[in-house]
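Enquirer: Below are the chains, spelled out letter by letter.
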Amino acid sequence: MISVRLKVFGPLRDVLHESELLLAVPPPYTGESAFRVLASRYPELDQWKPSLRLAVNLTYVSLDHSLQAGDEISFIPPVSGG
Amino acid sequence: MVSVLSTPIDVSKIIAGIITPQSGGTDLFIGTVRNHSRGRRVRQLEYSAYVSMAEKMMAEIELEIRHQWVVHEVALVHRIGMLAIGDVAVVTAVSAAHRDQAFQANRYAIDRVKSVVPIWKQEHYEEGLAWVVGQHDLDMGGK
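Those sequence lines, one after another, are chains H and Y.
With our numbering, letter number 24 in the first sequence gets 24, and the count goes up by one each step, no holes.
With our numbering, letter number 2 in the second sequence gets 2, and the count goes up by one each step, no holes.
Simulated from the structure, these hints should not be mistaken for laboratory data.
Everything numeric in this text was worked out from a predicted model, so none of it was measured.
Backbone N, C-alpha and C define an ideal beta-carbon position, used for all residues, glycine too.
Honestly, I wouldn't trust all of these hints.
Unchecked claim - Here are some of the chain H residues that sit facing chain Y, going by a computed Cβ distance under 7 angstroms: (1) V8; (2) G10; (3) V15; (4) P27; (5) P28; (6) A39; (7) S40; (8) P43; (9) V79.
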């Protein structure tokens, strides 16, 4: 397991009821692995999956991106600024 | 100049900050809070952001603009927190030697801000509230 810092924003705050948490990610340590761990804890997340984008250390990356211990990650819901 | 602010946006200060002696045309977009959305009466809007990433994305948008157009200064400013009807939520502005560059670059600026910058709004109505679920711009970043 590696540990990453998960930041939670926008409508996902209503699902997780947290703004930040430490997440233990199992092999193969990708964004997808992190999502699966989270969705097992918060089943409502599955319906959000098609609309989420992964950000790692403030940059959008694909879901198969390899995570490193200590990364700051976030599953970004559809943005609505402006 | 890019920033996410939790205080009111000073539009005239932004304009003064981007017009240079070389500039012949400056385009300014001001996004304000309107009193209706999808048939419902809006009382106020609450904006929140992933501030560190939002400012990084806005800086990237400025670089994208500078790669595509010859411009002098670019300002991208978004306010967060609880906003009332008529409040300025976002300002984008571009100065250039000629208006065509300024118009085109600024249109791109506001469209990109709305589609990739991690900012969210929640509408507060007479009776309750709802998140506005926008659309990601899938052309960039995450594949």
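Enquirer: With reference to the structure, classify each hint as holding or not holding.
Expert: Verification of the supplied hints:
no.: 1; hint: V8; in the structure: violated, 9 angstroms
no.: 2; hint: G10; in the structure: holds, 3 angstroms
no.: 3; hint: V15; in the structure: violated, 11 angstroms
no.: 4; hint: P27; in the structure: violated, 22 angstroms
no.: 5; hint: P28; in the structure: violated, 18 angstroms
no.: 6; hint: A39; in the structure: violated, 18 angstroms
no.: 7; hint: S40; in the structure: violated, 22 angstroms
no.: 8; hint: P43; in the structure: violated, 19 angstroms
no.: 9; hint: V79; in the structure: holds, 5 angstroms
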